[in-house]
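A.B. asks: Please take these sequences and the hints and turn them into a complete structure.
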Amino acid sequence: MEIFSGNEIYRSSPEIKPVDFNIEMFYQHLGYSTGAVPGFVVDFVQTAIQHIPTMIAPQWTISILQESVVVFDKKSMTCGNQQFHTEPIITKRLRTASTVAFFVCSIGKQFEEWSKHETDSGDLLKGYILDLIASEVVEGVADQMELQLDEIISGRGWKRTNRYSPGYCDWSVSEQHKLFSFFPPHPCGVSLTDSALMLPIKSISGVIGLGPNAIRKDYECSLCNLEHCFMRRNPASQNSAIL
Amino acid sequence: MDDILSLLCTCVERGKVNRKSPHPADLRDHDGADELTKKAVEMGIAPQTILQDGLIRGMHTVGERFRNKQIFVPDMLMSARAMVSGMEHLKPFYISNAIQTKGTMIIGTVKGDLHDIGKKIVAMMITGAGWNVVDLGTDVPTDKFIQALKEHPNAVVGLSALLTTTMLNMEQTVAEIKKMSSTTKVIIGGAPVTKEFALKIGADAYSPDPQGAVEFLNALPARTN
Numbered sequence: 001m002e003i004f005s006g007n008e009i010y011r012s013s014p015e016i017k018p019v020d021f022n023i024e025m026f027y028q029h030l031g032y033s034t035g036a037v038p039g040f041v042v043d044f045v046q047t048a049i050q051h052i053p054t055m056i057a058p059q060w061t062i063s064i065l066q067e068s069v070v071v072f073d074k075k076s077m078t079c080g081n082q083q084f085h086t087e088p089i090i091t092k093r094l095r096t097a098s099t100v101a102f103f104v105c106s107i108g109k110q111f112e113e114w115s116k117h118e119t120d121s122g123d124l125l126k127g128y129i130l131d132l133i134a135s136e137v138v139e140g141v142a143d144q145m146e147l148q149l150d151e152i153i154s155g156r157g158w159k160r161t162n163r164y165s166p167g168y169c170d171w172s173v174s175e176q177h178k179l180f181s182f183f184p185p186h187p188c189g190v191s192l193t194d195s196a197l198m199l200p201i202k203s204i205s206g207v208i209g210l211g212p213n214a215i216r217k218d219y220e221c222s223l224c225n226l227e228h229c230f231m232r233r234n235p236a237s238q239n240s241a242i243l
Numbered sequence: 244m245d246d247i248l249s250l251l252c253t254c255v256e257r258g259k260v261n262r263k264s265p266h267p268a269d270l271r272d273h274d275g276a277d278e279l280t281k282k283a284v285e286m287g288i289a290p291q292t293i294l295q296d297g298l299i300r301g302m303h304t305v306g307e308r309f310r311n312k313q314i315f316v317p318d319m320l321m322s323a324r325a326m327v328s329g330m331e332h333l334k335p336f337y338i339s340n341a342i343q344t345k346g347t348m349i350i351g352t353v354k355g356d357l358h359d360i361g362k363k364i365v366a367m368m369i370t371g372a373g374w375n376v377v378d379l380g381t382d383v384p385t386d387k388f389i390q391a392l393k394e395h396p397n398a399v400v401g402l403s404a405l406l407t408t409t410m411l412n413m414e415q416t417v418a419e420i421k422k423m424s425s426t427t428k429v430i431i432g433g434a435p436v437t438k439e440f441a442l443k444i445g446a447d448a449y450s451p452d453p454q455g456a457v458e459f460l461n462a463l464p465a466r467t468n
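These protein sequences, in sequence, are chains U and C.
Residue numbers are given in our numbering: position 48 of the first sequence equals residue 48, and the series is strictly consecutive.
Residue numbers are given in our numbering: position 114 of the second sequence equals residue 357, and the series is strictly consecutive.
Don't read these hints as lab results, they were simulated from the structure.
Accuracy of the hints is not assured; some may be wrong.
Restraint-style ranges between C-beta atoms, simulated for each label pair [stated by the list, open to error]:
#1 C:Pro265 to U:Glu2: 52 to 60 Å
#2 C:Tyr337 to U:Glu87: 20 to 28 Å
#3 U:Asp20 to C:Glu285: 46 to 54 Å
#4 U:Gly122 to C:Asn397: 22 to 30 Å
#5 C:Pro265 to U:Val19: 21 to 29 Å
#6 U:Ile23 to C:Asp269: 44 to 52 Å
#7 U:Gln82 to C:Lys438: 28 to 36 Å
#8 C:Asn397 to U:His51: 40 to 48 Å
#9 C:Thr426 to U:Glu24: 44 to 52 Å
#10 U:Glu24 to C:Pro265: 22 to 30 Å
Beta carbons are placed, not taken as given, at the ideal position from N, Cα and C, and that holds for glycine.
C.D. replies: Written out as C-alpha cells, the structure is:
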C-alpha cells in the first residue's frame, strides 16, 4: 500500500489461468445456448484461451479515499475538489456508502493486438472472438480485484457496492479524466485519450462504494440504458451488440 | 443453373467456405462457395446472376436469421467468409463492369474513437448485399469523410462510435456532410447511439445491427458510384 494525495493505493498483478475463463458464460454472451455452439467457435475459443497466460498482463490498481473527503448528493458525488456527475442511478446506489474506491484494471495490449492483427488480415471471425475473450478476461480481472478489495476492507467493518464505470448508467465517460486524477500517472499502464478512451482498450475503470452500510446487489443490467451492450444479461438484446 | 445457384446460396447461408473446410459437419467433403462460384463462372452463368441469386441471396437470409436471433455473430462471420471466397472469383467482372454494385457506402469510426470490429462487420454485410464499401478506418476526422464524398459523390455515409464522448463528434461530421451535400444520406450506429440521437443530429437513419443498415441502403433509390 502507498499513499497518493491522501488516498490509499493498492496494486496487484493477479495470475489469470485458462481454467479461470468462464467458457459457458462466454458462449452465452455470444448468444448460444448450452450445447448449441458451432464446432468452429468451440475449436477457436479453446485454442485462444490457452494463450491467456502468455498474452495478457493483468493488473489492477485501487485508490481508496478517506471518508472525510466524499460527499454525495442526489445526482453527483464530490471527492475532495472533484465533482463527479454520477447521475441519479449510480449516485443512489453509492449513497449507501461512506467513502469510495476508484479502480483501474487492464490486461495490457498484447491480446487486443492479436485481435487487431487477425481483423486487419481479413479474419474478422477470429478478430471478433479474440476481442470478446479479451473483454471477458478484463472483467474477470475486475472480479478478482473486488475479492481482493474485500480482504482490504474486511478489518474495517466495511462492505462494498457494485462497481460502476463511466460511460454507463448516464455517467459520462468524459469523467474518466477526473477519475484518473486519483491515481499516480498511468495506473496499470493505462493512459487516456482526449476522448477518454483508455489505452490499452481492454481496460476498465470505475468506482465502488465502501462503508458499513454499503449495499451490493445482484448484477443490475436493467439499470443501464446501453440496450445493445455485449455484456448485457438479457439474451433478447445480444444479437445487436456488435457496433 | 438454378441448382448450382441454390447450392451456392446454401453454402453462404451455412458458412461452407470450400471443400476442405470442416464446417458445417454435414457438408464435409462437399464443394463450398469457393468451388461453386468458380464452377458457375465456368458454366457461363452471368456474373451478376451468380452474385445476386447465389451470394447476395445467401447473405440476405443470413442477415434475416441474425436479426431473428436464429444465428449469432460468429455464424454470420463464417457466412461472410464463404461469401468472400466466392466473390474472389467475381472480382474481374467488377473491373470489366459485368457486375454493377448497388452503390457506394463510405464508412468509418469517428474521430477520437478506435473501435473497429463492429464497423468492419457492418461493412462486410453491406458488401455482401452488393454494395461497394469504402472503409476509412477508425479515428476518422470530418474532412476525411468530406474528401471521400468528393471522390464518391453519390455515396451513402455510415458513421460508427462506441463511446459517449466520441458519438458527439458525429454531430459535427453529419453537419459538415449535409452542408456540403444536403441530399447525401447518413446512417449512424454504435453501442451508445440511439434513434433519438440520430434524429437530433440530423442523421437520416440509425441501426443497431448490420441488417438494419442493409435494409436502409436497399430501400434507397438506385444510385451510381
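A.B. asks: Now, for every hint given, state plainly whether the structure supports it.
C.D. replies: Status of the hints after comparison with the structure:
no. : hint                             : in the structure
1   : C:Pro265 to U:Glu2: 52 to 60 Å   : holds, 53 Å
2   : C:Tyr337 to U:Glu87: 20 to 28 Å  : violated, 50 Å
3   : U:Asp20 to C:Glu285: 46 to 54 Å  : holds, 52 Å
4   : U:Gly122 to C:Asn397: 22 to 30 Å : holds, 27 Å
5   : C:Pro265 to U:Val19: 21 to 29 Å  : holds, 27 Å
6   : U:Ile23 to C:Asp269: 44 to 52 Å  : violated, 25 Å
7   : U:Gln82 to C:Lys438: 28 to 36 Å  : holds, 34 Å
8   : C:Asn397 to U:His51: 40 to 48 Å  : holds, 45 Å
9   : C:Thr426 to U:Glu24: 44 to 52 Å  : holds, 50 Å
10  : U:Glu24 to C:Pro265: 22 to 30 Å  : holds, 23 Å
The structure fails to meet hints 2, 6 from the earlier list, while all remaining hints are met.
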